[in-house]
Structure formats: C-alpha cells, structure tokens
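Start from the sequences and build out the full structure, keeping to the hints where you can.
2 protein chains.
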Amino acid sequence: MQAEIITIGDEILIGQIVDSNSAFISKELNKIGVAVYQITSVQDDRSHILDALEVAGKRSSIVILTGGLGPTKDDITKHTLCQFFNDELVQDDTVLQHIEEIFKKYISTPISDLNRKQALVPAKATVLHNANGTAPGLWMKKGKTAFISLPGVPFEMKNLMKNEVLPKIIKEYKRPHIFHKTIMTYGLGESAIANKIEEWENNLPSFIKFAYLPNLGRVRLRLTAKGEDREFLQATINIEVKKLYPLIGDIIVGEEEDESIENQVGKYLTQKQMTLATAESFTGGKIAQQITTIPGASSYFKGSVVSYATETKIKVLNVPEDLVKKHSVVSEEVAIAMAENVKKILGTDFSIATTGNAGPTKGDSDAEVGTTYIAISTPEHTFAQKFNMGNHRERIVQKSVNKAFELLLKEILKF
Amino acid sequence: MQAEIITIGDEILIGQIVDSNSAFISKELNKIGVAVYQITSVQDDRSHILDALEVAGKRSSIVILTGGLGPTKDDITKHTLCQFFNDELVQDDTVLQHIEEIFKKYISTPISDLNRKQALVPAKATVLHNANGTAPGLWMKKGKTAFISLPGVPFEMKNLMKNEVLPKIIKEYKRPHIFHKTIMTYGLGESAIANKIEEWENNLPSFIKFAYLPNLGRVRLRLTAKGEDREFLQATINIEVKKLYPLIGDIIVGEEEDESIENQVGKYLTQKQMTLATAESFTGGKIAQQITTIPGASSYFKGSVVSYATETKIKVLNVPEDLVKKHSVVSEEVAIAMAENVKKILGTDFSIATTGNAGPTKGDSDAEVGTTYIAISTPEHTFAQKFNMGNHRERIVQKSVNKAFELLLKEILKF
Chain A
0 MQAEIITIGD EILIGQIVDS NSAFISKELN KIGVAVYQIT SVQDDRSHIL DALEVAGKRS
60 SIVILTGGLG PTKDDITKHT LCQFFNDELV QDDTVLQHIE EIFKKYISTP ISDLNRKQAL
120 VPAKATVLHN ANGTAPGLWM KKGKTAFISL PGVPFEMKNL MKNEVLPKII KEYKRPHIFH
180 KTIMTYGLGE SAIANKIEEW ENNLPSFIKF AYLPNLGRVR LRLTAKGEDR EFLQATINIE
240 VKKLYPLIGD IIVGEEEDES IENQVGKYLT QKQMTLATAE SFTGGKIAQQ ITTIPGASSY
300 FKGSVVSYAT ETKIKVLNVP EDLVKKHSVV SEEVAIAMAE NVKKILGTDF SIATTGNAGP
360 TKGDSDAEVG TTYIAISTPE HTFAQKFNMG NHRERIVQKS VNKAFELLLK EILKF
Chain B
0 MQAEIITIGD EILIGQIVDS NSAFISKELN KIGVAVYQIT SVQDDRSHIL DALEVAGKRS
60 SIVILTGGLG PTKDDITKHT LCQFFNDELV QDDTVLQHIE EIFKKYISTP ISDLNRKQAL
120 VPAKATVLHN ANGTAPGLWM KKGKTAFISL PGVPFEMKNL MKNEVLPKII KEYKRPHIFH
180 KTIMTYGLGE SAIANKIEEW ENNLPSFIKF AYLPNLGRVR LRLTAKGEDR EFLQATINIE
240 VKKLYPLIGD IIVGEEEDES IENQVGKYLT QKQMTLATAE SFTGGKIAQQ ITTIPGASSY
300 FKGSVVSYAT ETKIKVLNVP EDLVKKHSVV SEEVAIAMAE NVKKILGTDF SIATTGNAGP
360 TKGDSDAEVG TTYIAISTPE HTFAQKFNMG NHRERIVQKS VNKAFELLLK EILKF
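These protein sequence lines map, in sequence, to chains A and B. Quick note, in numbering that gives the first Met the number 0, the first sequence goes up one by one and the last residue is 414. Quick note, in numbering that gives the first Met the number 0, the second sequence goes up one by one and the last residue is 414.
Calculated directly from the structure, the hints in this document are not laboratory data. There's no promise every hint is true.
[What the hints assert, rightly or not] Partner residues aside, some chain A positions facing chain B, computed with beta carbon under 7 angstroms:
1. Gly32
2. Val35
3. Thr311
Heads up, the beta-carbon is just placed ideally off N, CA and C, and yes, glycines get one too.
Encoded structure:
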C-alpha cells in the first residue's frame with residue numbers, strides 16, 4: 000500500500016514558497032498505514048503534469064495532487080485531469096451553491112463568472128466537499144490507482160484531507176500499520192550518540208528502521224516499524240526504546256515527535272499549576288511566540304517583555320542602569336536581573352531571560368556576534384549561562400531558543 | 000539549461016520535516032538563470048535513489064542531491080553514488096584535516112572513526128569544501144550531466160551552494176536570464192483581482208508568465224520572463240507592472256518578493272528615523288519576532304510587551320482595570336489603551352497593539368474565537384479596527400499579524 004504526492008505550481012520550483020503541504024499529507028497518510036514512496040513537485044505545465052501522473056500511477060495505488068485548482072488562468076489541473084482521463088468538465092450544482100454561499104457570507108466583492116467556473120468538475124470525478132473554500136476536491140480512478148486532486152491552499156487542503164480523503168481511504172483500502180517513535184535528545188552530536196549506542200543499533204530487529212535527525216543542538220532518533228500486528232510493533236519498539244535509557248538517558252528530553260519541548264514545558268507547568276514569563280532581548284519574542292503556539296498556553300504563560308533596546312530593559316524591566324554600565328548589556332548580571340525582574344513584575348514561578356548579540360553588527364553592546372546569555376529563574380534560584388552560538392543571525396536565535404527551553408525544562412522537572 | 004533537485008531522506012516522506020532546502024536551492028538557481036524542472040523527494044533506499052538519478056540525469060544538465068551524507072548508518076548517498084558511477088570511496092586528506100580541526104575547535108566529544116569516515120569520497124568526485132560541517136560536497140559528471148551532492152543540514156547546504164556550487168555553475172555554463180517580479184497586494188481576493196486586470200493579463204507578451212499566489216489576506220502577483228537579453232526582459236516587465244497601477248494601485252503595497260512588508264516597515268522607519276513598539280496579546284510575540292528577523296531592527300524597534308494574561312495588560316501596560324471590566328479585555332478600548340501606553344512607556348513614534356481570541360477556548364474574555372482588535376498608534380492619533388479572523392488558531396494569528404503590518408505601513412507612509 001503505497002502513495003505518492005504531486006505538487007503542482009511554479010512557485011515551488013522557483014523557490015517562492017516552501018512546500019509544507021506534502022509534509023502534512025505524508026504525516027497523515029503514515030498515521031493510517033499508507034507509506035509515501037515519493038513526493039514530486041512539477042511546473043504549471045500540462046505535459047509535465049501528465050508525465051508525473053503517468054509515472055506515479057504505475058507505481059502507487061494512491062496519487063494525491065495539490066495545487067492548480069484556483070479560479071485564475073494559471074490554474075490548469077482540472078483541464079489536465081480531463082485530458083488524462085479522457086473526460087470533460089461539467090457543472091456540479093452542489094458546488095455552485097456552496098460557492099454562492101461563501102461569497103454571500105464572507106466575501107465583500109460580488110461573485111463573478113471566474114468564481115462560478117470553480118463549480119466545473121470532470122464528469123467522472125467524485126467531488127470532495129471543500130468546506131473552507133471554493134475549489135472542490137476531486138477523486139478519480141484509473142485502473143487500480145486513485146488520483147485525488149486537492150487545492151493548494153494549506154488550510155483548505157488540510158480540512159479536505161481530514162474530513163474527506165482520509166476517511167475514504169480508511170473505508171476503501173486494507174492497510175498495514177506503520178509505527179514511528181521519535182526520541183528527542185539535547186546536548187550530544189549524532190556521531191557521539193552513534194558511538195554510545197552502536198551495539199544497540201546493530202542488534203535492532205530487521206523490521207525496525209532507525210534514523211538520526213540532527214538539528215541545531217538537538218538530535219532526534221527515529222524508530223520505524225511496519226507490519227500487520229500493531230500491538231507487536233508497538234511493544235517491540237517500546238522494548239528497544241527502554242534499552243536506550245541506560246545508554247543515553249542523560250540526554251533524552253522526551254519521546255514522540257509531537258511532544259516538542261515547548262509542549263512538554265506546557266504539559267508540566269499545567270500539571271504543577273505553575274506559571275512562566277519571559278524577558279527577551281536578541282531572541283525578539285521568539286520564545287514567547289513558540290510558547291503561545293500551544294493551545295491553552297494562557298493558563299501558564301503570563302507574557303513577555305521583549306526588551307530589544309537597552310532602554311526598554313531599564314524602563315520596563317527595571318534593570319539598574321549602573322548594572323548595565325558596569326557589566327555591559329550582554330552579561331550574566333543583566334541576564335539574571337532581567338529574569339528575576341520579569342518574574343517579579345508578572346508574578347510567575349519561572350522565567351527565562353535572554354541577552355546577547357545576534358549580529359550582523361554589534362548593536363547596543365560590545366559583545367562579539369554570537370555571544371549570548373540565557374538566564375532561568377525558578378522559585379528557588381536564578382542562574383545564567385554564557386554561550387557562543389556562532390555567527391549566523393537566524394541560527395543564533397533558534398539555537399538559543401532551543402537551549403532556553405532545554406534549561407527551563409530541566410528546572411521545571413525538579414518541582 | 001535545466002536543473003533538478005533530489006532530496007534524500009525518509010524524514011521528508013513521513014512528514015517529519017518540511018523540505019525547505021529545495022526552495023532555497025531553486026531560488027538561488029533561478030537567480031543565475033537556471034530553471035528547476037522538478038523536485039523529487041525519495042527514500043533512504045539505494046534502488047530508489049538510483050532510479051531518481053537515472054531519470055533526472057536524462058532530462059537535466061544539473062542534478063542537485065541533498066541529504067544522506069551524515070556519519071551514521073542511515074546515510075547511504077555516497078555508497079549509492081559509487082554504484083551509479085561505478086566508483087569507489089577513497090580518503091581525502093584535506094577533508095580529514097578539516098574534520099579534525101572542527102572537532103578540536105567546536106566539539107567537546109572526542110573525534111571517532113565514524114567522523115573520520117566522512118573524509119571518504121568517491122574517487123571520481125571533485126570535492127566541494129564544506130566550511131561549516133564535516134560532510135564535504137561532491138561534484139560528479141556523467142555524460143553531459145553534473146550530479147552535485149550536498150549535506151541536508153540547511154546551514155551547511157546554503158553555504159556550499161553560495162561559495163562552491165553557484166560560482167562553479169556560473170563559470171562552466173552559459174545561461175539565459177530569468178527575471179521575476181512580484182507585486183504584493185493586500186485586501187482583495189484573487190478572482191476579484193483577475194476581473195479587474197483581465198484585459199491587461201490577456202495582452203501580456205507571450206514570453207511573460209503570470210501567476211496569482213493567494214495567502215491569508217494577501218495575494219502576490221508574479222511576472223516571469225526568460226530570455227537572452229536581460230535589459231529587455233526587465234524593461235518589458237517594468238512597463239507591464241506600471242500599467243497595473245491605474246487598475247489596482249490601491250491594493251498594491253510593494254514590489255519584489257524580498258521586499259516583505261516587515262522589511263518595508265523597517266526601511267521606512269530607518270529613513271524617517273522613527274521608532275516602533277508593540278503590545279501583543281493573542282499574537283504572542285509573533286509581530287515582534289517578525290520585526291526582529293530583519294538585521295538592523297534594533298535601530299527602530301524598541302521592544303514589545305507580550306501581555307498574554309489580562310493581569311499583564313494591567314500591571315505592565317497600565318491598562319485601567321475598570322476599562323477591562325467595562326468593555327472586556329477583547330475590545331476596541333483595551334486595544335487603544337494598550338497601543339497608547341506601550342508607545343508612552345517605550346517612548347516610540349508608532350505602536351501596534353493586538354487583543355483577541357485565537358481559540359480554541361475563550362480564555363480570559365467572552366469574545367468569540369476569531370474576534371480580534373488591532374490598534375495602531377502614530378504621532379498624531381490612535382485607532383483600532385475589529386476583525387473576524389475565522390476559527391483556526393494559527394491562521395487567526397498569522398492573518399492578524401499580516402493585517403497589523405498592513406495598517407501600520409499605511410500610517411508610516413503618511414509621515
């Protein structure tokens with residue numbers, strides 16, 4: 000049982016947008032036991048799309064296409080599907096009614112013929128209802144292969160996947176189980192980890208695939224098993240994961256991919272009914288932003304003072320001007336004062352503070368680009384650590400954000 | 000002159016990571032006149048990689064591979080290249096020396112045999128120096144096609160592209176010019192725009208390709224021309240763009256893709272020597288974070304108070320408790336107070352404030368999920384607007400951030 004994804008649109012091939020749709024579709028298919036063999040991004044070009052459909056259809060039982068269903072001239076997916084299936088476009092009255100309703104409810108401009116044309120669908124297609132947009136999804140069959148065409152707008156595509164495509168696949172296909180488990184580690188590089196677990200890795204059962212995914216100071220370790228018996232797969236993987244703890248337990252911060260570190264911070268703070276605030280300088284609000292992507296964050300996150308300018312640290316965070324003058328704004332002392340003061344001002348149990356220089360120029364301080372201090376304040380104490388995060392602005396920020404969560408989580412777990 | 004990209008790694012096909020490398024590579028290739036025909040993501044599987052190399056090599060003169068060059072067992076790209084080229088791995092002493100230096104300088108764990116093995120390269124390959132990592136890039140030729148293998152770590156790949164791959168392509172290949180221009184619009188949907196510019200679009204010269212890229216309240220319009228005479232292409236596109244202004248000038252906020260709206264805000268604030276602060280509730284620091292991705296933001300951005308909890312609005316932003324009680328925390332009055340007070344506290348010329356409910360539950364207020372207020376304060380006045388941003392958490396936040404920048408930019412341009 001194998002699927003392929005074809006994304007249609009020049010914007011991907013000229014690098015104007017990143018293809019995040021395919022990652023979402025792949026993840027959802029994997030969850031229901033459908034492996035994705037290949038992802039192919041092709042141009043808004045009829046013959047290129049036809050080639051891709053032909054090749055994918057020969058290999059895989061499900062081919063999901065995204066993009067090219069909009070109302071404008073550059074959208075050619077429906078016409079190309081008609082050519083591939085030797086079919087013609089006909090009006091679907093239910094879709095037309097839905098389009099008219101959307102315009103009435105949400106859109107201030109009047110409905111036009113271009114919009115009405117979105118109700119044209121290939122005669123042989125099963126229409127999939129797009130609750131969030133005007134371009135319907137399409138499900139067409141050639142031989143044993145299902146070709147499923149979805150709009151490229153992520154919000155519409157995701158909803159169609161969840162409410163139409165996945166239920167239909169589950170109903171119509173027998174699928175094996177695919178079980179992934181991901182272990183998040185912080186603090187060691189991939190080759191150092193590989194050395195520590197070499198024997199364990201060599202002795203893994205052959206139906207378990209193992210991979211290292213390094214990224215900015217964290218390495219994720221992924222185990223994947225595929226087979227008929229879900230419980231057996233899951234049990235075997237859990238046994239193997241347990242064996243990892245005596246080997247690298249000190250660097251493991253969590254299991255399961257969805258358990259991001261900010262998720263864990265949220266989970267434990269909620270459990271312990273404790274609260275958090277941040278005072279961010281060079282991270283510019285990125286820590287707060289990552290915290291608040293988690294639904295329910297308002298129960299433990301009180302807020303952040305993004306004190307990008309030195310004067311903001313003094314005025315809002317009450318960092319003494321003398322302290323800044325004496326130690327420089329990028330210093331352990333200022334980081335600690337920021338953490339303690341934001342905790343006091345917002346009345347929280349924990350706080351994170353960052354001060355540093357993300358470059359490209361030195362800004363308000365004399366610190367070298369890449370020098371950063373991260374301070375953590377807990378109900379019991381406050382400390383700051385100094386890091387050299389390299390010389391690449393984006394990386395300096397993201398590595399520091401990762402490190403801040405890592406330091407914080409360790410402290411939270413002590414309470 | 001056409002290229003293809005092959006990304007290697009199960010993590011993409013199971014949806015664990017989004018393939019952002021391909022977008023970067025495509026964009027860089029386009030800039031030097033190399034069109035990307037297709038992007039293909041394949042599994043960590045030898046026969047699948049071989050198939051992809053075979054197919055791409057027949058179509059395109061440049062094939063760029065990313066991923067699978069790490070030190071661990073799941074990394075098989077080098078072995079597969081040896082099979083494809085009927086070649087064998089030999090040690091490259093310069094690479095070995097570089098790996099040893101990296102370990103001495105940056106890595107606390109001792110160097111291991113796994114790390115040293117990264118100095119093994121196919122005998123027929125030209126080695127490309129990876130200044131930021133231990134896995135070298137490889138350039139190999141089969142017939143007329145160059146196969147270029149790069150590590151999957153974005154930071155290492157980007158540096159290799161810029162310093163090794165692009166200069167070598169420029170030196171060795173004659174290339175046409177590809178000229179893109181993107182017009183950013185805010186406030187109208189794609190079909191409404193298409194209706195307004197229908198005649199213009201129908202009369203575009205045939206060598207100009209035109210596309211609509213809708214996304215959360217903004218539509219980007221892209222014109223692309225390809226040919227030998229760069230100046231002619233550029234002039235023709237500029238003439239066509241000029242004709243757009245009488246038709247839709249009221250919704251155009253900028254030209255060129257790299258000119259993001261936060262870039263423009265930064266550019267104009269720097270020019271006018273004016274400053275900005277933000278007070279963010281449900282946007283959770285995302286506005287501050289987008290502002291501070293721009294190098295040099297510290298010259299105009301003083302900071303943000305991320306007042307996620309109502310008490311933070313009261314304590315730090317001095318929003319009167321009575322005002323919150325009387326109008327609710329999600330209200331025009333509170334948004335305006337937040338904007339005025341953060342401007343006063345941080346001493347800036349402009350400010351943005353947001354308050355609203357991004358869901359999934361009602362949080363501190365009685366406002367419906369999706370109800371948001373955005374306030375802008377300028378040296379002359381303060382106003383707030385109410386929006387209904389739908390019911391999807393991420394979208395509510397991103398649409399509001401986009402809208403806030405749009406409202407702010409309009410005000411900045413008046414000074």
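To see whether the hints hold, each was checked on the structure:
For Gly32 (chain A), the interface hint is violated, since its Cβ never comes within 7 angstroms of a Cβ in chain B; the closest pair sits about 12 angstroms apart. Restraint check, Val35 (chain A) versus chain B: the minimum CB separation of about 5 angstroms is within 7 angstroms; hint holds. Using the Cβ-Cβ criterion of 7 angstroms, the hint placing Thr311 (chain A) at the interface with chain B is satisfied: the shortest such distance is roughly 4 angstroms.
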